[in-house]
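Can you make the complete structure from the sequences, with help from the hints?
In order, the protein sequences belong to chains A and B.
Going by our numbering, the letters in the first sequence line up with residues 24 to 178, in that order.
Going by our numbering, the letters in the second sequence line up with residues 22 to 186, in that order.
Hints in this document: simulated from the structure, not taken from any laboratory.
Yeah, the Cβ is synthetic: ideal placement off N, Cα and C, and Gly gets one too.
Warning: the hint list may mix true and false statements.
Here chain A is said to cover these stretches of chain B; the calculated rule only asks that three of the stretch's residues, wherever they fall, bring their Cβ under 8 Å from a Cβ of chain A [stated by the list, open to error]:
1) 67-81
2) 86-96
Here are the simulated EDC-like cross-link-like pairs (lysine to aspartate or glutamate), alpha carbons at most 20 Å apart as the crow flies [what the hints assert, rightly or not]:
3) Lys45/B x Glu119/A
4) Lys125/B x Asp40/A
5) Lys169/B x Glu102/B
Chain A is nowhere near these chain B residues, computed Cβ spacing over 12 Å in every case [what the hints assert, rightly or not]:
6) Glu126
7) Ser134
8) Ala154
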Amino acid sequence: LIAQRAQLTFSLVDSSDSIGNMSVWLADGVDLDAAVAAGATFRGLVAPCTDAVFVRQSVVYSAVVSPRPIAPTGADSSRVGGLIFSCDTGELDIIELHGIKDEMLMTTGPGAGLLIDRTNTAIVALVNELISGLWCNPFGYDVLALESAYLQIRR
Amino acid sequence: MAWGSLPAASLNFTLEDATGSSSKLQFHIPVATTIAVALVNASDLRPLVEAVTDCVVVAQSITYSMYDPLHGPATAGSRIENKGVVIMRAANGRASRVAIPGIKEALLNPSGSIDRANADFAALFTGILDPTAIFCGADGSDLVGVDKAYQAFRHSTKAMLPTDR
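Printed below as a string of C-alpha cells:
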C-alpha cells in the first residue's frame with residue numbers, strides 16, 4: 024500500500040445552489056488537527072476572492088495498492104452482497120460487498136443462491152470485526168449486529 | 022458560520038472486477054478516531070473484505086469531513102462555473118493548479134487574466150506560498166510562485182441549469 028499525501032477538498036455553493044469543488048495538497052506527515060486548521064486558514068484566504076460560499080471541507084488520506092492487483096476471471100462487481108446491520112438507538116447500517124464470492128451464499132434451503140451464509144467463517148470474521156465497537160454508521164451510531172444478508176444484482 | 026464535523030469519518034475501498042469496472046465499498050468510523058488508528062483499522066479490515074469478494078482492492082481513502090449548515094448566501098448572480106485558475110510553480114520546477122469557483126469579477130483584468138496586484142489575491146497567495154504553510158504540490162514539492170492566473174469557464178452540467186428554464 025503506497026500512501027499519497029493528504030488532500031484538503033472544499034465544496035462551495037453559488038447563488039443557483041450549484042456546487043463547485045477545489046482542492047489543495049498537504050505536506051507529508053500532516054496530522055488531522057493541522058490539516059483542519061490549514062483548511063480554516065485556506066477558506067479565510069479564498070473567501071474574499073469568490074462570490075460563492077464554502078459549505079464543506081474534507082481531509083482525505085488516500086493510498087493505492089502497488090503493484091496493482093488483477094481480479095480473477097469471473098469477478099463481477101454487479102453481484103453485491105448486501106449486509107444490513109442494526110446500530111445503537113434502532114439505527115441501521117448497510118454494507119455493500121461488490122463481487123461477493125459464490126461460496127459465501129447458502130447452497131441449500133429456500134434461500135439457496137440468494138441468502139448469504141452467516142456461518143461461513145469469512146463472513147463471521149468480517150461481521151465480528153464490524154461489530155467490534157470500532158465501526159459505526161454514517162451518523163456515528165455503533166454497529167451492533169448483522170440482521171440480514173443477501174445477494175443483489177446491479178445492472 | 023457554524024462549522025462542525027460530520028459524526029463519522031468514511032473509509033472507502035476501491036474494488037475492481039475482472040472487466041476493470043470499479044466500485045466503492047464504504048465503512049464508517051467515529052469521527053474522534055485518529056488517522057493513525059483509522060489506518061490500522063483499515064489494514065485489519067481489508068483482508069477480511071478480500072476474503073469474501075472476488076474483486077480486488079486497488080485503493081483506499083479515509084475522509085474526515087466538516088460542513089457549515091448555517092453558511093451565508095452566495096452573492097447574487099454568482100456561478101461556480103466561473104473559475105479563477107492559478108498555476109503555481111513548485112520548487113522542483115513542476116506545476117500545481119488550483120481553481121477557485123465563482124471568482125469575483127473585481128479580481129479580473131479586462132483581458133480575463135487575474136489582477137495579481139489585487140489585495141485579496143495577493144493575500145491568498147502570500148498565505149499559500151508562505152514557506153511555513155503546509156500546502157504543497159501533488160508530489161510534495163514546496164509551492165514557490167504563481168506562474169499563470171486567469172479566468173476560465175467550465176461548462177454547466179444539467180444539474181446546474183436553472184430550474185425555471
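- Task: Identify every previously stated hint that the structure contradicts and give their numbers, smallest first.
- Result: Numbers 6 and 8 - these are the hints that the structure violates, sorted from lowest upward.
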